[in-house]
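Visitor: Sequence:
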Amino acid sequence: MKELEIFPSPFRKGYWKDAIKEFSSLKNIALIAILIALQVVIGLIYIPITGEVRIKFDFIVSSLIGMIFGPLVGMVSGAISDVSSFVIHPTGPFFIGYTLTSALAGFIYGLFFYRTKLKFWKLIVAKLIVNMVCNAFLGTLWYYLYMNKDLVFEALMTSFWIRFTKNIVLLPLEVMLIFTIFKQLFVVLESKRLIVEQDPAMKWF
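Under our numbering, the first residue of the sequence shown is numbered 359, with each subsequent residue one higher.
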């Protein structure tokens, strides 16, 4: 079996070609479907903070999909998992903004984790971007549009700072969860040639 190529960055030749090829394997599609189902189930479990702010754990599966299959599969899987969650457990009218956010998060995880030697700083930066852009900024915007509220600046900023604070506070815990689970799965995923060989210690740089 051909060795998986390591790409120092997404801008290297062959990176996106390999990312597209992840859709062409029936084995991959079957595993992706299983992981999407797992993401949907885990996404139904959350800890409520305020009316619109919750602590969720489906990011763990989203980051895992990104590491194994890359940004394109991560993006598609994120969208499918959001739509599936709505179909299974709707909490109101469907809103495409949340689907786009889920897709963007999967894309970001793939950019940082796919076909690369994982370093701890990559976990931090990827989760920080997802937390700030997807969860805090877009989450605030989508909530107000979804609720048909006027975009009053003061109210919008209050909601944003609640989300911002939550996501900053939770960042270390979320990064450590990804770090711990990835380390536990490295050997199995490497043996199945689903990821490139990793350093079990996962150094900072």
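Keep in mind that the hints were calculated from the coordinates and are not lab data.
Incorrect hints may have been included.
What the hints assert, rightly or not - Listed below are the simulated DSS-like cross-link pairs for lysine-lysine, each with C-alpha atoms no more than 27 Å apart in a straight line:
{"id": "1", "residue 1": "LYS375", "residue 2": "LYS524"}
{"id": "2", "residue 1": "LYS475", "residue 2": "LYS561"}
{"id": "3", "residue 1": "LYS524", "residue 2": "LYS379"}
{"id": "4", "residue 1": "LYS561", "residue 2": "LYS550"}
{"id": "5", "residue 1": "LYS477", "residue 2": "LYS524"}
{"id": "6", "residue 1": "LYS375", "residue 2": "LYS385"}
As the list claims (entries may be wrong) - Ranges between beta-carbon positions, derived for each pair:
{"id": "7", "residue 1": "ALA559", "residue 2": "LYS379", "range": "27 to 33 Å"}
{"id": "8", "residue 1": "ILE364", "residue 2": "VAL510", "range": "46 to 52 Å"}
{"id": "9", "residue 1": "GLY450", "residue 2": "ALA559", "range": "43 to 49 Å"}
{"id": "10", "residue 1": "ILE405", "residue 2": "LYS375", "range": "37 to 43 Å"}
The beta carbon of each residue, even a glycine, is placed where N, CA and C say it ideally should be.
Visitor: What are the numbers of the hints the structure violates, in ascending order?
Guide: Violated hints: 1 and 3; rest satisfied.
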